[in-house]
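Undergrad: Chains as they are written, first to last, in our numbering: chain A, 960 to 1198; chain B, 960 to 1198.
Bear in mind the hints are in silico, worked out from the structure with no lab data behind them. Each residue gets a CB set at the ideal place from its N, CA and C atoms; glycine is no exception. All clues given are correct.
Here are some chain A residues pointing at chain B (derived, C-beta under 7 Å):
{"#": "1", "residue": "Leu-967"}
{"#": "2", "residue": "Leu-1192"}
{"#": "3", "residue": "His-1195"}
From the derived model, a few chain B residues whose C-beta atoms are all more than 12 Å from chain A:
{"#": "4", "residue": "Ser-1087"}
{"#": "5", "residue": "Asp-1135"}
{"#": "6", "residue": "Val-1136"}
The primary structure of each chain is shown beneath.
Number of protein chains: 2
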Amino acid sequence: MKIVELGLELRVAAAKVGKYASRESGDTLEMIERPRGGVSFVLVDGQTSGRGAKTISNVVARKVVSLLGEGVRDGAAARAAHDYLFTHYQGKVRADLTILSLDMTTQTIVLSRNTHCPTIVFQEGEWSLIQDMAEPVGLTTFTKPTIVEFPFQAGTYVVISTDGLWSAGARKQEWDVLGFIREAVERDAEPESVAQSLLCKATELDAGRPADDVSILVLGVLSRADGRGVRRLVVHVPI
Amino acid sequence: MKIVELGLELRVAAAKVGKYASRESGDTLEMIERPRGGVSFVLVDGQTSGRGAKTISNVVARKVVSLLGEGVRDGAAARAAHDYLFTHYQGKVRADLTILSLDMTTQTIVLSRNTHCPTIVFQEGEWSLIQDMAEPVGLTTFTKPTIVEFPFQAGTYVVISTDGLWSAGARKQEWDVLGFIREAVERDAEPESVAQSLLCKATELDAGRPADDVSILVLGVLSRADGRGVRRLVVHVPI
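The following block holds chain A by itself, in its conformation from the complex:
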């Protein structure tokens, strides 16, 4: 089966906000082209928040991005980032790492998790949570990611995030992230709207003052909007 003929496209939307009163988010999100085709998204939540967390998440993201850019496979890049952080900080510093890739060689979406933060997936009409044990990088020897692959299939959604999304409003009570996403997708299937409503909701739960850095990435495999092979990128950066 030639996937190219299906006229699909990957539409990804991410939104990121820093903890209230922090000058910057401690999360890092990077995107890199895979040299053998496709793209990868690397999301890292550094320990604590603010400047210190940012340095850590930057170091981890940079290591992963630079390896993926050289064609290294996702699992090996995650292991290397762990080894690097573990060596550099003698196991005293942790980071949550998630890699989400569109791999054109295997024609799959590859999810590599080193985080306790669940991933939400919609596939073949079913919503599910991927939350099997996945140690963060940096703490113990021989940490490795848990990896899941999905075929390119129209209507597939994958939502990754840092734990700020899950813990939003937690001072009061836990909230139903999966239920909210399901409703958001039913209302408007565009990843951009889903990411936006998720971030609004999380901020609202914290009464407009996020208690932690929140980063969200929503990936959808959808029919091409314009029917042609145009790659697009839109970025908003507050200054």
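Using the hints, position chain B against chain A.
TA: Positioned in the frame of chain A, the structure of chain B alone reads:
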């Protein structure tokens, strides 16, 4: 002057399409967070088109991205990418390289050009072309970029592109890129619309079959759309 209080944001939109009948674009566009604050966009047009060009543009972009990610300044990263390509291919291969950065430490937009392709700028109510001599990387010893800096100022636009934009429809006649962009911004100031109309126009000039890879990036410094410090990213990748 504290720029942060101005409530500005950088809105960047890029669009990229491959030469007609080529399986992939030979251009590479990458984005990377600057470790001391801000983001950089790296646009590379590899010699020829298709797979060979892609390999070259990938190598150059990767080198630049990895150096910028480590905090290396833009001019040094461009020089390093040149030296690397020059050494690796003994001066036989060229690439056009443009780096456009939002540098939070100097509070400027930094444009580094190693290309004959002009950059279009709108600043303080004036449109202009930046087209001073700037050798591509890879060919001769000691190549260096030409660098221009702009302060963060609401209403500033910078448009960078690969030469496919300028040569669109060239079999018939040259077209007025600057005039078109000026009108596009007057019609709709959103960088996303400007990038979209530019790509449409370029494709139309080639009767829907681009004669070369075309990549366009439109950067605008504008008032924040939502008033809060949310960073956003939207990506569409045809598969």
